[in-house]
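Those protein sequences? They're chains A and B, same order as listed. In terms of our numbering, the first sequence has 95 at position 95, counting the first letter as 1, and numbering is strictly consecutive. In terms of our numbering, the second sequence has 337 at position 337, counting the first letter as 1, and numbering is strictly consecutive.
Hints were generated in silico from the structure; no laboratory data involved. We treat Cβ as the ideally placed atom computed from N, Cα and C, and that holds for glycine. Certain hints may be false.
Some chain A residues flagged as far from chain B (calculated, every beta-carbon gap over 12 Å) [what the hints assert, rightly or not]:
no.	residue
1	ALA43
2	LEU44
3	GLY129
4	VAL239
5	LYS259
6	LYS274
7	PRO279
8	PRO368
9	ARG369
10	GLY370
11	GLU395
12	ARG429
13	TYR433
From the structure, some residues in chain B lie toward chain A, with a derived Cβ separation under 10 Å [what the hints assert, rightly or not]:
no.	residue
14	LYS245
15	LYS248
16	PHE366
17	PRO368
18	ARG369
19	GLU395
20	ASP426
21	GLN428
Protein chains: 2
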Amino acid sequence: MYKFILLTFSLLFAFGLSAQTDKAKPTNSDEDAFFIKDIYNKALTDGRSYDWLMYLTKEIGGRLSGSPEAAAAVEYTYQMLDSMNMDKVWLQPCIVPHWIRGEKEQCRMISQRMGTVDLTCIALGNSIGTGPSGVSGEVVEVMSLDEAEALGKAGKLKGKIVFYNRPFDQTQVNTMAAYGGAVGQRVYGPTTGAKYGAVGALVRSMTNRTDDIPHTGSTVYKDGHEIPAVALSTIDSDVLTEALKAEKSVRVYFKTDCKMLEPKMSYNVIGEIKGSEKPEEIILVSGHLDSWDIGTGAHDDGAGCVHAMDVIHIMNQLGYKPKRTIRCVLYMNEENGTAGAKAYRDSSNVRKEYHLAALESDRGGFTPRGFTFDGHEDVFRPKFKQIIEWLPLLEPYGLDFKKGGSGADVSYLKDQKGILIGFLPDSQRYFDYHHT
Amino acid sequence: MYKFILLTFSLLFAFGLSAQTDKAKPTNSDEDAFFIKDIYNKALTDGRSYDWLMYLTKEIGGRLSGSPEAAAAVEYTYQMLDSMNMDKVWLQPCIVPHWIRGEKEQCRMISQRMGTVDLTCIALGNSIGTGPSGVSGEVVEVMSLDEAEALGKAGKLKGKIVFYNRPFDQTQVNTMAAYGGAVGQRVYGPTTGAKYGAVGALVRSMTNRTDDIPHTGSTVYKDGHEIPAVALSTIDSDVLTEALKAEKSVRVYFKTDCKMLEPKMSYNVIGEIKGSEKPEEIILVSGHLDSWDIGTGAHDDGAGCVHAMDVIHIMNQLGYKPKRTIRCVLYMNEENGTAGAKAYRDSSNVRKEYHLAALESDRGGFTPRGFTFDGHEDVFRPKFKQIIEWLPLLEPYGLDFKKGGSGADVSYLKDQKGILIGFLPDSQRYFDYHHT
Chain A
1 MYKFILLTFS LLFAFGLSAQ TDKAKPTNSD EDAFFIKDIY NKALTDGRSY DWLMYLTKEI
61 GGRLSGSPEA AAAVEYTYQM LDSMNMDKVW LQPCIVPHWI RGEKEQCRMI SQRMGTVDLT
121 CIALGNSIGT GPSGVSGEVV EVMSLDEAEA LGKAGKLKGK IVFYNRPFDQ TQVNTMAAYG
181 GAVGQRVYGP TTGAKYGAVG ALVRSMTNRT DDIPHTGSTV YKDGHEIPAV ALSTIDSDVL
241 TEALKAEKSV RVYFKTDCKM LEPKMSYNVI GEIKGSEKPE EIILVSGHLD SWDIGTGAHD
301 DGAGCVHAMD VIHIMNQLGY KPKRTIRCVL YMNEENGTAG AKAYRDSSNV RKEYHLAALE
361 SDRGGFTPRG FTFDGHEDVF RPKFKQIIEW LPLLEPYGLD FKKGGSGADV SYLKDQKGIL
421 IGFLPDSQRY FDYHHT
Chain B
1 MYKFILLTFS LLFAFGLSAQ TDKAKPTNSD EDAFFIKDIY NKALTDGRSY DWLMYLTKEI
61 GGRLSGSPEA AAAVEYTYQM LDSMNMDKVW LQPCIVPHWI RGEKEQCRMI SQRMGTVDLT
121 CIALGNSIGT GPSGVSGEVV EVMSLDEAEA LGKAGKLKGK IVFYNRPFDQ TQVNTMAAYG
181 GAVGQRVYGP TTGAKYGAVG ALVRSMTNRT DDIPHTGSTV YKDGHEIPAV ALSTIDSDVL
241 TEALKAEKSV RVYFKTDCKM LEPKMSYNVI GEIKGSEKPE EIILVSGHLD SWDIGTGAHD
301 DGAGCVHAMD VIHIMNQLGY KPKRTIRCVL YMNEENGTAG AKAYRDSSNV RKEYHLAALE
361 SDRGGFTPRG FTFDGHEDVF RPKFKQIIEW LPLLEPYGLD FKKGGSGADV SYLKDQKGIL
421 IGFLPDSQRY FDYHHT
């Protein structure tokens, strides 16, 4: 159970925020400390996260937006929240992109020196397919979007397959920072290649590991510039770059069957406990239901969903009646569109809601290390100053508070000027599993 | 590579201590911070830990004291240290116990209600065997050594099989503390039972998990009170306790083939770089070579050995010449006797050595969380006060300094009145693997 102690932190945060605003000045009292201990003990001995996660990942599996599995996850989590004695549980509609992978991808390097070598690849999410004949072209390797732009302007990408091969910076202890430094080539690399006439794009997989497992993830086309795009495993990215060093011209052939279908109706799953004193102030805990299709979506983001759900379960177990409204939101479509987050924001703004705090868990289920905080520039500084005063209550559990991004979904609530919070688990092994 | 950044902390510590003692007052200067960054970067991109660990665990495997595998580990690590441009590399002899497991254990519960049920068990290290006919007896369950003492004094253990079933306290976020709260029954439970006439001992496995994998570990007999002892898996411990609740009398039969043979000669493996200015002050980095036989000994304590070895490798890579003597010690026989640690201490005391700092890594290879510090009561307080001033240099890497135990081997050096240090990695999953 102990991995899921993090869910209590969300809950704690809800309590903390309440306490903070209600009292004349912050008190990190013994009473608070004992209450936190109660939450911890309950989560460590009586949490339901692992059972739920087992169902989401092993019974349902990968939950790509628009898929039957995503629909099953909506139904399952709705039923679970509905069994938890909440004031209201509902489905909030959103229109999601419906991208499908189709048949298994093929990729081969054709070299004069080495002959034909199979490369392990996987189509990037949202990518167009190649059609049944595939694409073939000479490979041009680049290490950045800037380099691709420069080569493109010089006419050197026309008819070519552009190969984005920037690795993770292994000196980054925070692997999220290494991801941040490399992921731009996956998101905007293919469309940049397309703009200059490339016929296909290969992207080095986003991982710290050197292995033969390719990692998918979203790519975004701009201004109608679309070419088929795949991620190569890191081992085969190294194979290709070595071939390119030894030989002037190396070709790659690849074939993908993926396509974007008509958008589908899907849902955010939401449950709410009305606050007893200030129901108009909302504290939101969240994860996202959708995942990529090729794994089971345990770390991204089944873990985040069960964290948020267990906050409600543990409140029930402790018999706690919140002063403010607690809302558990399981967002749809974080991975390739954030349609759920936009629908939630739009609905919330129409109703003139105010989220005092919105917390997202979307960095996996490893050992809790703390929380990161973000917010609108008009209000962030004093709010964070206030929050940091509670840190001594959580330090005994090895947690830290930092400024930093919150989550892709909750960040849409920034204009409501509450505090945005991201749960921060250990990141060392996250990219061994991410999107794969 | 990033899991092994911890090795640099050892190195950093060596540097830190030097800096501290050499300067008029502590300075956490930019220069120090840059140097730490250099160490980190080198460890993250050019460490050798994983390759060495692969060899120790996959080529050699479990390394129980006195086994051929332990001898192979001595030879392998000697060769590795000897290739690293040290001033001196040597083998330090020690006489180790030679316990062997023999044939696979058998254990069965014989119940009137449930019939005969196989239980998954494993002999405890140092245990005597049952002989070919095994032992059989009614089971008496106890939750503590005190309870066993009380029942024993009342004559209720005579002819019985005593079953120590205290679980880990799951509310302990620090799993090492949960282990500390339960392990006494494994170490002294069997001998306590023997003292009062029990014929065998069962001990609940030392783990947070509920699974069917038994965990071994050392048991210690006192005053000649010896009975055969096995660990039961946590699932089968629960099966047995449920049977005992439903039925007055439940018997267990078990058979083990383990035995203690004649002691064997073995070795600590030691390498040294002489200090350029104060060679008489030794900074020791260490792990232990031996492991239990049933796994590959990766976390306990292959990781610790390669951490210590990589400190030397990285010093070489950085071209650093230490002012004080740096000694890498790979201890033998931590698991069931600490014969290597005693031999090292005796030799060191005869030579009137002084260990300014002695660091052991023996808590696994998970994400680094910090260090714990211990020392002789005459000197500890001011030393720790001095050390804590360096913490800001390491906080950017998510590390913390705490008072606490160092390591079973280096703690034998306490009387030299240096500082004793234990590396502290994340503990959440350690007892999933420990001794199994």
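Against the structure, test the hints numbered earlier, and report the numbers of the ones violated in rising order. Hints 1, 2, 8, 9, 10, 11, 12, 14, 15 are the ones this structure does not satisfy, whereas the remaining hints hold.
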